[in-house]
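Between the sequences and the hints, there should be enough to build the whole structure, so can you do that?
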Amino acid sequence: MVNKPDIYACFEAVTATWQYVVADPETQDAVVIDSVLDFNPVSSQISTNTADGLLDLISKNNLTIVRILETHAHADHLTAANYLQQKLVSQGSPRPDICIGARITEVQATFASKYQINVSELANVFDKLFQDNEEFMIGEIRAKVLHLPGHTPDHVGYQIGENVFTGDSIFNPDVGSARADFPGGSATALYASTQTLLDLPQNYRLYVGHDYPPESRTGNESGVKHKPYTTVKEQKEENKHVKTGTEEEEFVKFRLERDAVLGEPKLLHQSLQFNIRAGKLPETTEGGDMFLHIPVKASKELVSLMRGFKL
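The opening position of the sequence shown corresponds to residue -3 in our numbering, with each subsequent residue numbered one higher.
Derived by calculation from the structure, the hints in this document are not laboratory data.
Misleading hints may appear alongside valid ones.
[What the hints assert, rightly or not] List of simulated lysine-lysine pairs, DSS-like, C-alpha gap at most 27 Å: (1) K239 - K221; (2) K0 - K223; (3) K110 - K124; (4) K236 - K262; (5) K262 - K296; (6) K140 - K0.
Take a look at the structure:
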């Protein structure tokens, strides 16, 4: 008999992120998926309340974290992967590998250039780069890596039993789909990834990376509107962007038009620089500071004027 995993879903409200701890109930081995490190963009202060909540959950349930999994280099929150790894080791636990899809190297190259990050800061920051369809064990439970590009080129999902942790490759049916306009993103690839998920057995659960409930969604008995998952069947019948019958051309047209009017995520620049480092802190300057770079934007006319160029 194959063990069914215990799944602990933890919602982080500031960035609307679902974090997951998935465990084999027999061995108590577990993984963490898409953890969040708190960040205040006004003060640039990092804190660990959310990640410490995961550590408390892990401790209370006597779990051993064997891997820390990332679905992609997130652009809307900072990962707690490195913090969790170091904290677990300091508490006497075995060192869990930080894992992500192998195409993270493409994303690292893109943003190391954009933000002028020394490539030495990115060397071996991830312990394991997964290949497409690679399998690994969580105790006695088999897990499989699914390449789900579109939102980002490195994006993967994790199939664990009859559950898939989809990251930002699909959202709950009344939310639909994620943007596909980041570097290397593709609405066409995103459509294909949604079809990969919708081709799974109808009873499979698709756990999402974020949830942004519309006003029309009713809450549960406790009034909570946020939902970590729906089934493949529900997605095929109800997803407002990719339900059964939605053609690729229709989806791509919608997604491109929608993305064209979306603003940048609030933590875009901080998140990308931090997350391509697997959550490791930037190098400290001689003055004792650590920096994440924020681009300044101005019109060409304003730049020319302020730099004393002739218009």
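Status of the hints after comparison with the structure:
1. With a C-alpha separation of about 21 Å, the suggested pairing of K239 with K221 holds against the 27 Å cut-off.
2. Between K0 and K223 the CA atoms are separated by roughly 20 Å; this keeps the pair inside 27 Å, and the hint holds.
3. Straight-line distance between C-alpha atoms of K110 and K124 comes to about 24 Å, which keeps the hinted pair within the 27 Å bound.
4. Distance restraint check for K236 and K262: the Cα-Cα separation of roughly 25 Å lies within the 27 Å cut-off, and the hinted pair is therefore satisfied.
5. Restraint check for K262 and K296: satisfied, since their Cα atoms lie roughly 24 Å apart, inside the 27 Å limit.
6. A C-alpha spacing of about 15 Å is found between K140 and K0, which places the hinted pair at or below 27 Å, so the restraint holds.
Of the hints listed earlier, there is not a single one the structure fails to meet.
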